[in-house]
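Peer 1: Could you use the hints to bring the two separately framed chains together as a complex?
Okay, here's what each chain looks like letter by letter:
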Amino acid sequence: MDQVYPLKRPSIWHVIKVFMRRYDFEIYLLRRNPVTLLGLGIIVLVTLIAIFAPILAPYDPLALTSADRLMGPSAVHWMGTDDYGRDILSRVIYATRLDMVIATSAVSMAMFIGVILGAVAGFFGGIIGEVIMRILDVIQAFPAFILAMALAVSLGSGKMTIIYVVAFIMVPIFARLMRSEILSARGRGYIEAAHCMGASEMEIIFKQLIPNCITPILVQFALSMSYAILDAAALSFIGLGIRPPEAEWGSMVNAGVGYITSGQLWLSVFPGLVMAIAILGFNLLADGMRDVLDPKLRS
Amino acid sequence: MSEPLLKVQDLKIHFSTFYGVAKAVDGISFEVQHGEALGLVGESGSGKSVTGMAILQLIQPPGKVVAGDIIFAGKSLVDYSEKEMQNVRGSKISMIFQNPRTCLNPVLTLGRQIDRVYLQHNNVTPAQASEHRLEMLSRVGIGDPIRFSNNYPHQVSGGMCQRAMIVMAIICEPQLVIADEPTTGLDVTIQRQIMELLAEMRERMNETQILITHDLGVVAETCHRIVVMYASRVMEVSPTRQLFNEPLHPYTIGLLNSIPRVDIDEQPTPLPGYVPNALNRPSGCPFHPRCSRAQERCQVEQPELVPVKDGRSAACFFVEK
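Chains as they are written, first to last, in the working numbering: chain H, 1 to 299; chain Y, 1 to 321.
No wet-lab data here; the hints were simulated from the structure.
This one's a predicted model, so the numbers in the text were calculated from it and none came from an experiment.
Please note that the accuracy of each hint is not assured.
Taking lysine-lysine pairs in the DSBU-like style, the calculated list, with each CA pair at most 30 Å apart, reads [unchecked claim]:
| hint | chain 1 | residue 1 | chain 2 | residue 2 |
| --- | --- | --- | --- | --- |
| 1 | Y | 7 | Y | 83 |
| 2 | Y | 12 | Y | 64 |
| 3 | Y | 64 | Y | 92 |
| 4 | Y | 83 | Y | 64 |
| 5 | H | 207 | Y | 83 |
| 6 | Y | 75 | Y | 12 |
| 7 | Y | 92 | H | 207 |
| 8 | Y | 92 | Y | 12 |
| 9 | Y | 64 | H | 207 |
Just chain Y, with the same shape it has in the complex (with noise of 0.2 Å):
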């Protein structure tokens, strides 16, 4: 296997707060391949928009990086300073973010906000940039790019507010692109339109995807492999086929049983109780008090994560090997 593009390693991320240190992101190891898409799925509040902005290297204070790396194309993105990472986001690694309405400057028109980002990263005039800017917006499925692009924000809507989102996103060809929930707030077909455009892109432009979202659905059909979060830790790692077929950690099984089908007849069963709060994480396991195998050794001893079989893993006692 050749070296992975990104790597993160151990990595942990603390806030900490007036009522303590809340642990966002505790301990959490994965690769991402080159041309690969990645899922990256738990509940709200596990950590997985955390770990996509601390891949950025845009935790703001009072989180903090407290430990481990983060390796991308061979090189810690850690020891970067603040102005060589600049010239990192939007051009190596760059960012789509959920709810496209509040992520555009609604006082700038769509095209002039494409093309700041065009022009920061690479030495072109501005009518380069917007000749670029044209050509990639018909890529996107754009039928009148022009106009497309005097429009404000509000002026469009929300489906092509994230199509802009994405242009911005992969205008200077990036070699990672993280997508924050980038279909949330979209209807449902546009919410297909929008993952097909991404996927399109991946294979056309050759880049690779983090993919961050809650929704088991969108990354099933999309995303090659599948890293499940919950409570700041990793749980299982798995390419997607094998997930939904058998899924080892007893918290993917609880996820994907509380998930309404139409198929079968039969009631979904919601996995019992809730998060655990960040600021007071449980002993052990963090799965164990909801968790129907856990036994004592869950609550004292942390399950690491470890390799079970074909290139699957997963943080629990009582998976087979």
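Isolated chain H (complex conformation) (with noise of 0.2 Å):
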């Protein structure tokens, strides 16, 4: 007779091993990739920074304290003061919630519209397909920025204006692309298949070659969002974009600008430099994205 083995109870070592295990391809490319893991881990804490904006900052980012002007970095004031007194760590986070909903909005409108305008452009083809793609050439065909100044003066300043100015400049690109894939799935076996059982070419669209297109898109979607952010900036820091009082990393750096020669460098340094990490996170990520994502380009 065969011995009869008592089943041991999983201890929560193997509980975790057995989860890990299941993404376990995931976890060895990112490992592979460490900075992939940093810029992640950047994005992490920028959103959290983000979200918890209120708890995090130590003072109102509005309240104005003239005994306080200027003062350089302390324990009271982490980031110093600037010319009015205010704290600049606390605007620094407020600027980081403002700046991330500009540019998560953003960039998810430009690619919301982008992937349907190229899907419909590389799906049909023909009259419909050269307009789109033509009038996307024309938004391209002006430099970004200049096209971004001259539409955010017509529309007014405002959050809403710099989110509307930045998603439009970014159509083209995401529709672009969206476009090429479509070009190159549309004459899969599996469409013809889906043809014949009688989907509708809607369905076909957006439920059969949307999802097999849209790797490329959310690596552009990462790439797009540190040019979001520092288009957002560039707006605000010619003034035409968030207006002074609320916190902005592009206007604190303009408003620091003055103080600079005089050796105040705190007023810009520090909103620069928070500007900085969260771009390199987003473009660290895309870059390991790309990796992940695209298996030719494993190398």
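Peer 2: Right, here's the structure in full:
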């Protein structure tokens, strides 16, 4: 007779190990790209700061304290205070929130519109496709930032303006990418099979083609996030975006510019540094995502 | 004889290309009876797959149906609008493709792909659709339908992919299933299983099948009648047994002689020459440059497909009536 082995109760480590094994390959890929992990870490941190801004900020970002004007970094004000006596750390934290909201909304909007336009242009081709692509060419023919400035001036300042403007100049990037993906995917067997099963054109575009072509779009999303942050900050820096009392990276840098020569560097340096780190994070992640999602690029 | 389920009448499909007009299908006619399995055989480029796509009205530009009619269950499919055809495809006429791997969407689970077809043509809830799917999957011999449904196409074998394709094709219980080389790219043992499955489904669900293939062995076992195509035209139509025992058309004879056999100690004799280019078909009978019986008449006059005997027909001047 066979010996009966009593079943051992799995230890918590075993459970964790089994769970980890499900994502074995993804973890392996991330391990091989430690910089990607760093990028992901930065983005998670920045996002958490944005979400918990009211809890994390030690002071009110708009509270004026004229007695504390232009104080250097200290234990009380870690990043110092600005020319109105406002705490720069608190302002940077709130600026993170605002800039992340702007960048995420702008890029999401651009992706949504760009993907649909690109998919329609790629699938139908012909006159519809030509018209869509030529209009997008016109947008791309302008230097992106000049166009953004012109639009921001005509739309007036404010958060929504920046979102619309940044989204507008990014639509062509997503549309072109999507179109080229669709063009290569629409001749594949499963699309023909879907036709034969009686699927309508809309169903084929949205349920069969787009899910198959979304990978490079996701990489582009991460990459575009850094451009969106930069564009939003640049618009505010030249005074076209967020109005001064509100905290925004670009306008904060601008506010500190006048004090750089007199040695009060902290006004501009800290918001600029945080912005640079956030952009670095998105770039690293985009790079790593491309490696993970596109097996062809793996060496 | 009752009204046939599908009637293809003098169908002509032309592809206008840069180099000229390619006559992919040049005036073919055949009928498919209810509950019948019809084999459509021919070499590569003889127009069999195009015929299959034409039945579903899915000829993409630059191809065009220039003449002829396709009558399905008494109605002409050529007159249908795109919207009406979408309701026919998948629910009344469906198609099984060769190479199931590329014909399944790689980013959707097999279960979702199957459900999508069923939901499209039937007014049911997703829960009912998945119940129906599980039942159909176990019918085609899948042991663990729930697990199978959650798999992506790359996670299962080629034979299993083809089973999923078959379920997709028959889930709405269509009257006519067109199988376009359903066993190409599969192991011989799996080929047999798939062919048996198709035959079983035909009997159990009372469907009619058109089997498009270049493999005479496959049609020999499963089909009732065989249509032999060559260079965009039908050469011979015969019940299977008679076709193999006593082929009428010289092309069919040549085709059968070029199959290697193990039971007789004789080398197969291949047909001389090549299939003519679709852009430049020979005049007269398209087969005359390769035919051993060809005479002057064959070079100028095109033989019509005429009934010969016992419900057989052939397109050759020298077949005795």
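Peer 1: Each hint needs a verdict: does it hold in this structure or not?
Peer 2: Results of checking the hints against the structure:
no. : hint            : in the structure
1   : Y:7 with Y:83   : 22 Å, holds
2   : Y:12 with Y:64  : 8 Å, holds
3   : Y:64 with Y:92  : 23 Å, holds
4   : Y:83 with Y:64  : 18 Å, holds
5   : H:207 with Y:83 : 18 Å, holds
6   : Y:75 with Y:12  : 19 Å, holds
7   : Y:92 with H:207 : 23 Å, holds
8   : Y:92 with Y:12  : 23 Å, holds
9   : Y:64 with H:207 : 28 Å, holds
Comparing the model with each earlier hint shows no violations; every hint is respected.
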